[in-house]
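Undergrad: Chain order of the listed sequences is X and U.
According to my numbering, the first sequence holds residues 1 to 402 in order.
According to my numbering, the second sequence holds residues 1 to 307 in order.
None of the hints are false.
Using 27 Å as the maximum straight-line C-alpha spacing, the simulated DSSO-like pairs for lysine-lysine come out as follows:
no.: 1; chain 1: X; residue 1: K241; chain 2: U; residue 2: K116
no.: 2; chain 1: U; residue 1: K19; chain 2: X; residue 2: K240
no.: 3; chain 1: X; residue 1: K159; chain 2: U; residue 2: K116
no.: 4; chain 1: U; residue 1: K27; chain 2: U; residue 2: K43
no.: 5; chain 1: X; residue 1: K259; chain 2: X; residue 2: K325
Derived DEER-like restraints, expressed as beta-carbon distance ranges:
no.: 6; chain 1: U; residue 1: E99; chain 2: X; residue 2: E21; range: 54 to 64 Å
no.: 7; chain 1: X; residue 1: E233; chain 2: U; residue 2: E281; range: 27 to 37 Å
no.: 8; chain 1: U; residue 1: K302; chain 2: X; residue 2: A376; range: 37 to 47 Å
no.: 9; chain 1: U; residue 1: G108; chain 2: X; residue 2: D247; range: 17 to 27 Å
Derived coverage of chain X by chain U (criterion: at least 3 residues anywhere in the stretch with Cβ under 8 Å from a Cβ of chain U; other residues may be distant):
no.: 10; stretch: 229-243
no.: 11; stretch: 379-389
Since the hints were made in silico from the structure, they are not lab data.
By construction, the Cβ of each residue, glycine as well, lies at the ideal position given by its N, Cα and C atoms.
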Amino acid sequence: MNIHEYQGKTLLRENNVTVLEGVHCTNVEQALAAYDSLGSKIVAVKSQIHAGGRGKGTLYHPETREHVMDGGVKIAFSREEVETYATNILGNVLVTIQTGDEGKLVSNLYVEAGCDIAHEYYLALLVDRDTKSVLIMASTEGGMDIEDVAHNTPELIHKVVVDPNAGLLGFQKRDLGMALGLSGAALRAFGKMLSSMYTMFVAEDCVMVEINPLVRTGADEIVALDSKISFDENAEFRHKKWDDLRDLSEEEDVEIRAKETGLSYVKLDGNIGCLVNGAGLAMATMDVIKLYGGEPANFLDVGGGANEEQVKTAFSIIMEDPNVKGILVNIFGGIMRCDIIARGVIAATEALSLEVPLVVRLAGTNVDEGKKILAASTLNIHAADDLAEGAQKIVALIGGGQ
Amino acid sequence: MSIWIEEDAKVLVQGITGKQGMFHADKMVEYGTDIVGGCTPGKGGQTVELQGKPYPVWDSMTEAIDATNADATVIYVPPPFAAEAIMEAADAFDFLKGEGVIVCITEGIPTLDMVKAVAYVENRPGIRLIGPNCPGIITPGETGGAKIGIMPGHIHAKGRIGIVSKSGTLTYEAVAQTMSINEGQSTCIGIGGDPVNGTGFIECLAAFEADPQTAAIIMIGEIGGNAEQEAAAWASENVTKPIVGFVAGATAPPGKRMGHAGAIISGGKGTAEEKFEAFREAGIACAMDPSELGAVLLESLKAVGLR
Chain X
1 MNIHEYQGKT LLRENNVTVL EGVHCTNVEQ ALAAYDSLGS KIVAVKSQIH
51 AGGRGKGTLY HPETREHVMD GGVKIAFSRE EVETYATNIL GNVLVTIQTG
101 DEGKLVSNLY VEAGCDIAHE YYLALLVDRD TKSVLIMAST EGGMDIEDVA
151 HNTPELIHKV VVDPNAGLLG FQKRDLGMAL GLSGAALRAF GKMLSSMYTM
201 FVAEDCVMVE INPLVRTGAD EIVALDSKIS FDENAEFRHK KWDDLRDLSE
251 EEDVEIRAKE TGLSYVKLDG NIGCLVNGAG LAMATMDVIK LYGGEPANFL
301 DVGGGANEEQ VKTAFSIIME DPNVKGILVN IFGGIMRCDI IARGVIAATE
351 ALSLEVPLVV RLAGTNVDEG KKILAASTLN IHAADDLAEG AQKIVALIGG
401 GQ
Chain U
1 MSIWIEEDAK VLVQGITGKQ GMFHADKMVE YGTDIVGGCT PGKGGQTVEL
51 QGKPYPVWDS MTEAIDATNA DATVIYVPPP FAAEAIMEAA DAFDFLKGEG
101 VIVCITEGIP TLDMVKAVAY VENRPGIRLI GPNCPGIITP GETGGAKIGI
151 MPGHIHAKGR IGIVSKSGTL TYEAVAQTMS INEGQSTCIG IGGDPVNGTG
201 FIECLAAFEA DPQTAAIIMI GEIGGNAEQE AAAWASENVT KPIVGFVAGA
251 TAPPGKRMGH AGAIISGGKG TAEEKFEAFR EAGIACAMDP SELGAVLLES
301 LKAVGLR
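Just need the whole structure built from these sequences, with the hints factored in.
TA: Next comes the structure, spelled out in structure tokens:
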């Protein structure tokens with residue numbers, strides 16, 4: 001679960017990490033009031049969306065797609081500029097390298113005081129699969145395209161791995177700070193900031209915290225100028241306050257509804273709907289559809305113990321997509337019994353008066369009974385014995401792909 | 001032989017009094033697994049009825065292992081308490097026996113809880129953790145066998161193919177594929193796809209290589225991370241038995257992401273294409289469609305004179 005920069009800054013401030021003063025705004029009047037209250041001649045006017053690359057992004061009109069302004073993060077040197085930038089950002093769509101072409105509608109703005117920057121660094125904390133630990137990464141090359149830095153000059157990315165038993169140790173903070181060329185008061189400030197950041201990472205169940213840039217000011221303070229924070233959804237049960245931080249407008253409405261019924265759904269661009277149990281098998285089903293010349297319309301995992309109601313919901317979610325010309329159901333029954341799935345498929349087909357071709361592949365527990373139920377129905381359901389046959393059938397039925 | 005779990009392994013169930021735990025404990029007994037009891041704190045002294053027979057429940061894993069000399073435990077404890085259940089089992093096995101296998105089925109354990117639990121297990125070298133968020137491990141027998149997890153037992157048969165997979169239902173698909181060419185399985189392991197887990201691909205490959213019953217291996221990966229690439233590189237140096245591979249997720253769209261940190265760590269790696277390429281470079285025979293795993297396996301067995 002991702003949160004906005006302004007929410008991250010509040011969290012950082014609460015955890016004793018130095019951030020600049022700033023105000024969250026949702027309209028131009030608030031942005032101007034923020035400028036007045038901050039008492040800083042120079043302010044940053046920052047689009048708030050759940051994606052990186054905002055500074056180099058482009059703003060477009062949401063309907064006409066007309067170009068509005070280059071850059072989703074602007075430095076304003078006057079009240080008038082704040083007004084111009086806020087007007088150009090709010091209500092428009094920001095396209096960055098991480099949003100895809102459709103971009104994201106900007107409804108939130110952060111107006112932040114300026115600061116005296118001596119150097120920009122990169123800092124990230126994340127859970128690392130390889131070391132199975134929290135890894136801290138830092139670089140002197142902040143503010144830049146850090147993936148290029150990592151690719152071209154990996155020696156400029158410094159890493160420390162935190163032993164979960166020992167926690168973050170003093171020497172690790174010093175080593176990392178010295179690797180960034182820090183000394184004296186700045187090195188001490190960096191160490192203090194890192195301790196706070198790691199404590200917050202663990203206490204708040206983060207999976208990633210990225211600060212780019214982290215800056216050293218002329219007065220040798222260490223300040224987090226940006227914040228990208230992701231929480232671990234598995235830990236939601238112990239963080240009730242996440243409910244208030246969640247911005248549902250950043251998530252697909254249909255994906256939220258799917259999640260509420262225990263389904264995992266991701267919309268894609270093809271025309272063959274898929275209904276599968278298990279994430280790996282669901283991905284493999286999409287792969288095989290493509291292999292035989294079709295294009296999957298979605299990823300849909302009904303999980304390990306779906307009931308008739310969930311199967312019905314799954315069908316209705318798939319059919320909301322007007323591109324869907326056919327559906328492939330692929331179930332390997334383990335705990336889930338094929339006869340129950342077969343009944344669910346028939347009930348859903350009847351309830352939704354499904355008109356597109358439907359291919360059902362069943363395997364595993366009670367497969368024979370499941371197949372009998374499908375064969376006995378008068379509905380337009382085609383059976384398949386394995387995944388390849390199922391994919392070939394559905395591709396043929398909709399007329400050979402797109 | 002088999003790997004890590006013998007056909008007659010004695011198995012405890014943590015969370016045996018819960019709905020999931022009891023349901024699956026019953027299925028395991030039905031399959032023929034030697035379930036010796038279970039553990040639910042606060043319910044010690046009670047019994048649970050599985051397939052018409054009573055099974056004892058203990059308050060702690062130390063008591064349970066002490067009373068039964070169990071070889072393995074399987075965890076169906078809810079996510080908030082699962083990491084601690086892993087650590088309790090690790091501590092008890094280590095203290096009483098110096099060894100033990102812990103299979104954690106639970107899905108949705110907080111990642112930082114697993115960071116702690118995995119470090120705890122790794123500090124106890126005789127203890128092996130499989131999972132979490134996995135179907136478990138099964139060693140089919142001539143009759144019955146040891147099914148430790150949630151996989152459908154009846155699709156398996158004893159044989160000479162070892163299977164290791166990140167995904168649950170794809171493991172079943174691989175099992176069905178071996179059966180389609182009249183081959184059974186030595187041991188099948190679902191290692192789970194969580195970012196932080198216990199046993200990985202390389203440990204499974206090493207154990208299959210050393211196991212006399214296993215003649216060939218099926219390895220099934222998924223997009224994300226680089227465990228498959230590392231395992232393939234390791235296998236090319238260390239595994240002499242034929243390996244057949246598949247990777248799910250070739251058509252998965254690139255995830256919507258927010259920052260750069262993950263990409264830097266993985267070096268931009270993790271696509272199905274890269275993983276298939278690493279498999280091929282390592283001499284692993286790839287199926288592009290899981291329905292072809294059987295055919296590809298048959299070819300690989302023929303190539304080394306095993307069919």
